[in-house]
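Asker: Could you put the whole structure together from the sequences, leaning on the hints where they help?
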Amino acid sequence: MNDEIHKTSEIAASGLKADSELYLSVRRELEVHLEESAENLENSGQNHDQAIETALKKFGSPAEAASDILQVNKKRMKSRARFRLALITFLPLIALGVMLVTVIPEWEYWQLKQEMSLSITKELIKKTALAAGASLEQPTLRQQLLLACDWKKLHKMFPESKEYFANYFMSAMKTDYWTNGYAQQHPPVAPKWLKKARKTDPGNALYDYCAAAELLYFGSKYRKRRSTGAVTDRVKLMEALPYYLNGLKQPFYRNYRSEITRQRLALNRGSENPASELFTSCLRCWNICDYGITEYIEQAIPMWAEELIKVGKPQQAKLILDSWSRFILQHGKYHSDFYMYAECMRMLKVLEKKLPPLYRKIGKSAEAAETQKQLSRITRSWTRRWNKKTPEKVAIRQIFFEHAPRIQHYLGSMLLPEEYKPEELLPGRLREYARADRILLLLIEVLLSCLMLGYGICQLLVRLRLKKNLQPILFIPKGITLLKLVTIGIVVPLFLWRLLILLQPGGRDYALTCSSVNFLFQGVFLILGMTVWPMVITHYCVENHLKELGINVRPRRNGIISVLLMGFLTVILACLPWQLWFSVDIVKWFEGVLMPEMLRFYPDLHILKWLYPLLPLALLAFLFIVVKPAKVLYNWSNPDNLFRYGASLAAMFVVSAIMLISAALLADGYFYWREVHFIKLNPVTNKEGNILYRDRIMRNGNAELNRILSSLQTYNADINNIAIDYILTDAESFCKMIKTSPYLALEKALKAGANANAVDDDKYTALMLACRDRDVKVVKLLLAHGAKVNTWCPGKKHSPRFSPGLSGVNAIMIASYCNPDPRVIKLLIKHGADVNSKALNGYSRCGNFTVLSSKMTPLMFACWNNSPKVISFLLENGAYPLAKNGWGKNVFYYLDKNPKIHDDKIKNMIEALY
Amino acid sequence: MDYDNSLIKGSIDLIILKMLQNRSMYGYEIIRRVNDVTDGRFAWKEGSLYPALHRLEIDKLIVGEWQVKDGERPRRYYTLTRKGMKILVVKIHQWNEFSVTVNSILMA
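First to last, the sequence lines map onto chains A and B.
For the first sequence, position 205 matches number 205 in this note's numbering, and the numbering has no gaps at all.
For the second sequence, position 17 matches number 1017 in this note's numbering, and the numbering has no gaps at all.
Source of the hints: derived by calculation from the structure; they are not laboratory data.
Keep in mind it's a predicted model, so treat the numbers as computed, not measured.
C-beta: ideal position from N, C-alpha, C; glycine also.
Please note that a few of the clues may not be correct.
[Said to hold, decoys possible] To be clear about the criterion: a stretch of chain B counts as covered by chain A if any three or more of its residues have a C-beta under 8 Å from a C-beta of chain A, and this derived list gives those stretches: (1) 1037 to 1051; (2) 1073 to 1082.
[What the hints assert, rightly or not] Looking from chain A toward chain B, a few residues come up when the C-beta cut is under 10 Å (computed): (3) Val32; (4) Glu35; (5) Ser37; (6) Ile69.
[As the list claims (entries may be wrong)] Think about it this way: if two alpha-carbon atoms lie no more than 27 Å apart in a straight line, the pair counts; the simulated DSSO-like pairs of lysine-lysine are: (7) B:Lys1069 / A:Lys75; (8) B:Lys1045 / A:Lys58; (9) A:Lys869 / A:Lys830.
Answerer: The following block contains the structure:
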C-alpha cells in the first residue's frame, strides 16, 4: 500500500481511534476509495505516482476530512461506547448473579458444621430430654429462674438434682488440682491441653484432655525428661503395648512393677504403671470418640510397629498389630448412634488400609488376608445393620434426609441410606423439573463452556484474519454480537432457572447436591470468557494488526513496562479461579474470627449485621461515584495508552473481587435477615465462639449431649423456648462460675440442699477434697452443713489416680498429709476427728512411692509428707507417736522419707515423748 | 464550472440519497456517478463525501455494509433505507419548491 494513501487515511480517521472497530472500518473505507481513485487515474494514462498525487488532491485536505468525520461520528461513538459499557457492565453482573447462586450453596457448605450440629443437637436434646421425663411446662418461669440463677428455687422445684451440685463442685475442685499440679509436672505439653481443658467444662472431659496430654507427651517426648529417668527406653514402652491392649494386665504388671522399682521410674506423678495409665487414657479417650485421640492411636501404633520391626523385634510388632485389630474389633462395635457409627466405620477403614501392609512387612501375609477379610465382613455387616429400619433409625434418617446434602458433603455418601434421592427433597411438580434439570444443567454447562471458548477463538480468528489483511471486519459485528446474544440468552435463563429452584422449599438442599465445583468453574469460565479472555485476545490482535499497518502502539521505551504488564495479566488470570475462595475466606474470617472477638467487647456491634445488605450497594455507589468505571471502560479499547489499558484491567480485577465479596456479604445479610442464624454471635460465649463448642458436640456425640442434658435438666431449661445457643452459653458460664468461685457455688448448692457428704469416683468425700485443698472456708462450710468427719474412703489395691493418691483414709489423715495449715486439723478435731485413727488396708502414693498404707495414723501421714508445724500440732493434740503401721514401721520410718524435714528437732521431740 | 462550496454542502445529502435511490453504491462509485451525470461540473472534494455518508448512516437514511463482489476488493456499500426513501421524496419536493421560489425571485 502506498505510504501517502496510508498516511492520508490515518489522518482522516485519526479522530475515531477511541473506537477501534469504527476507526479501522472508516480507515479501510478511505483507503479503498483512494486506491480505486488512483487506479482509475492510472488507467486513464497517468503514471502511478502522478495518479496517487491526483487522487489525494481530489480527496482534499485529510485534516479537514478528519475534523468532519469526527464531528459526524461523535454521536455514534458515544452510543457505541455506551453500548460497550453496558455490555461490559451487565455481562459480569449477570455472571455475578450466577456466581451468587453458586455462592449460596458454597456458603452453606461453609456453615455445614454449625448448622448441622445445631439442628441435630436440638432434635436429640429434645428427644432425650423428653425420654428422661423433662417437663417442658411453664417456660417463662423457668427461663426467669435460669436467668436469675436462683438455685434455691430451682432445687425446691427439682430436688432430684441435689446430688449433681455436690459432684459438680468436686469436679471443680479436681480441676484446680489438675490445672495447678499437672501443669507443673508436664511443662512442655500440658499447658496447651490444659488451656483447652480450662475452656471447656470442668467435668469428665477435662480428665480426658489431661489423659490425652499424657498420651501425647509419652508419644512425642518419650526421652529423658527428668534427672531421675522416667522411661529412657522407648522399646520397653512399646513392649508394654500388647499386654495392655490384650488386657493381660496381671503378668505384665508384675514384671513391669519390678522393672519400675528397679529403675525408679517416675512417670505420671509417681504412678507405678505408666503404660497402664497410658492405655487406660487411650481407651477412655477412644470411648468418648475423640477424633484427635483415635487419630493419634492410628498414627502411633503403625509407627511403633515399624520401629519394632526396625530394631529387629517383629514378634512384638505382630503382637501390637494383633492387639490393635482385636481392640478395634472388640471395642468398635456397631453403634446405632450416628457419630459413633461414623467414627467406628472410619476406624475400620483406617485399619483396613494400614494393617495389611504392616503384616506383610513382617511376613505374615496370611494374617493380612485374614484381617482384611474379617474387616470387610464387619463393614458389610455394620452397613447392613445401619440400613435396617427401626423406628429410631427412621427418625434419625428423617433428620438425615433433612441434612442429607450436608452430610454427603461432610462425610461422603457412605453413610447415607441407599434410597436417598435428592430430587425427593423438592415438592411436587418441581421434582420433574429437577430431574430434567440435572441433564439440562450438564448440557448447559458444556454448551456455555463451548460458547465461551468459541467466542474467544472466534475473536482470535477474526483478528488473525485482520492481521493478514483479509478484511474480516465484514463479519465482526454479526458474528460477535450473535455470540454475545446467544450467551446472554443462555446465561439469563440459567440464572432464572437456578433461582426458581432455589426459591422453592427444599430448593437450597437440592442445589447443594448439584456439583458446586462445576458451577464454580462455570463462573470462572463466564468471567474469563466475557471479560479478560476476549480483551486480551482483542488487544493482542489489534495491536499486531496496527503494527502491521505501521502504527506503533507500543513504543520501545515501554518494553519493560509491557513485560511487567503481561506478568500482571498472567497473575490475574491465574488468580481468577481463586477469587471466589479468597472472597469467601475473607468473609469467613470476618464472620468467624473477627466479629465474635469484637462482639465480646462491643456487644452492640451486633447491629452491624443488619447493615450487611447495604454494604454492596454502598460499595457500588463508591465505585460509580469515585472510581468512575465508565471513564475507565471507555478507554479500554484504546490501545494507544498501555498504562491506561493495564490500569483498567487492574480496576476490573479489583471491582470483580469487591463485587464477589459484596455478594458473599449480601448473602449472609440476607440469611441473617431471614433469621437463619448460621453463626449465632453471642457476646457471652466462650473465647473461641460457639463454633468450637458445637464442634465438640459433634465430635463427642452422646457423651457431650448427655453432659449438656444433665445441665439442662438441672436448670430445667425449656429447650423449646430458649435458644439453644443461650442454653449452651449459659451452661458454660455456670461452669466458669464454679471454676472461678467454687466457694460461692458450693454455698449456693449447699444452701439449696446439696448433699455435703457426696463422694466422687474415688470415694473421696467433699470434706476430704476440701482438706486436701487446704481451704479452711470450704471445710468450715461443709462441716456446718453436716459433713461427716470420721468417714473413711475404701482401701484400694492401687493408689487412686487423682490427688491426694491415698486410699483407706479419712479427712484428718488427708489434712495431715496435704495441709501445712494446722487450722484445718484444728477444725476437724473440734468436730470430733480422731487424731489416732488408723487407715484401712490399702495402697497410697506419695511422690514417687506407692506403699501399703494400712494402719497408718495421721501423724505418720504428716511425717511422711508434711511440715514440722503440723507434726508438732498433732503431737500437741494427743497423737500417739509409738503406733506402728500394718507392716511394723513407726513414724521414724516416714520421717526419714520426708524431704521437708532437715533437722532433728522433730525426731528429738518425738523421741522425748517416746 | 465550479460551484460554490456552500451550495454543494447544502445539496450533498439530496445528491447522495438520489444516487442511492436505485441501487447500492460505495463512496467512490457515488462520486464517479455524480461526475458522469454532471460531466465533471460538480467538482467537489471527495473527502467531504464520507462525513456526509456517515451522517446519513447515523440518521438511518442509508445503511452501510461491507461486501465482497466476485473478483473485486471488499467495499462498503451504502443502501437507501425506507426512511431514506421517504426523506428523499420530501427533499426532492422541497428542492423543487425552493428552486421555483428562488427562480421566481430571480425572474421578478
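Asker: Run every hint past the structure and note whether it holds.
Answerer: The hints, checked one at a time:
1. Residues of the region 1037 to 1051 of chain B lying with their CB closer than 8 Å to a CB of chain A number 6, which satisfies the three-residue condition for coverage.
2. Here's how the region 1073 to 1082 of chain B fares: 4 of its residues keep a CB closer than 8 Å to some CB of chain A, so the rule of at least three is met and the hint holds.
3. With a cut of 10 Å, the hint placing Val32 of chain A at the interface with chain B holds, because the nearest CB-to-CB distance is about 6 Å.
4. At its closest, the beta carbon of Glu35 of chain A sits 8 Å from a beta carbon of chain B; the interface hint therefore holds under the 10 Å criterion.
5. Interface restraint check: Ser37 of chain A against chain B, minimum CB-CB distance 6 Å, threshold 10 Å, status holds.
6. Given hint, Ile69 of chain A at the interface with chain B, holds; its Cβ is 5 Å from that chain's nearest Cβ, closer than 10 Å.
7. In summary, the hint linking Lys1069 of chain B to Lys75 of chain A is not supported, as the alpha carbons are separated by about 31 Å, beyond the 27 Å threshold.
8. Taking the CA atoms of Lys1045 of chain B and Lys58 of chain A, the gap is about 6 Å. The hint holds against a cut of 27 Å.
9. A threshold of 27 Å between alpha carbons decides the hint, and for Lys869 of chain A with Lys830 of chain A the separation of about 18 Å falls inside it, so the pair holds.
Of the numbered hints stated above, the single one contradicted by the structure is hint 7.
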